[in-house]
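Peer 1: Sequence:
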Amino acid sequence: MYATQVANPKASLAVVKVLTRILGIDIDLTELSNLAKQTSKEMERLAKQATAEFIDRFTEPIWEREEDEEEEEE
Numbered sequence: 001m002y003a004t005q006v007a008n009p010k011a012s013l014a015v016v017k018v019l020t021r022i023l024g025i026d027i028d029l030t031e032l033s034n035l036a037k038q039t040s041k042e043m044e045r046l047a048k049q050a051t052a053e054f055i056d057r058f059t060e061p062i063w064e065r066e067e068d069e070e071e072e073e074e
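Numbering follows the working numbering, in which position 74 of the sequence shown is assigned residue number 74; successive positions increment by one, without gaps.
Each hint should be verified, as a subset may be incorrect.
Stated by the list, open to error - Simulated restraints on C-beta separations:
1) 52 <-> 8: 16 to 26 angstroms
2) 63 <-> 32: 47 to 57 angstroms
3) 48 <-> 17: 44 to 54 angstroms
Calculated directly from the structure, the hints in this document are not laboratory data.
Even for Gly, the Cβ is constructed at its ideal location relative to N, Cα and C.
Using the sequences provided together with the hints, build the complete structure.
Peer 2: Here it is as structure tokens:
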């Protein structure tokens, strides 16, 4: 999953906050703020999952190495 495919309410919240200041209007941003927090938590969870999958796929525990590989490192 690419981050560009996910809606970014945090960015939307930042833009709306600036616009409300510029326009001098007051808007209830509670729902958007909550959505931004949820999305941020989900992105963090996905990043942790992707990191774990990367480690599982591209690393090998030292106890599973062949003896030839260990000798090459020395």
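Peer 1: A separate judgement is required for each hint: does it hold in the structure or not?
Peer 2: Consistency of the hints with the structure:
1. In this structure the hint that residue 52 and residue 8 lie 16 to 26 angstroms apart at CB holds, the actual value being about 24 angstroms.
2. The supplied range of 47 to 57 angstroms is met by residue 63 and residue 32, whose beta-carbon atoms lie about 50 angstroms from each other.
3. For the pair residue 48 and residue 17, the supplied restraint of 44 to 54 angstroms is violated, since their beta-carbon distance comes to about 28 angstroms.
Hint check: a violation occurs at hint 3 only; the rest are consistent with the structure.
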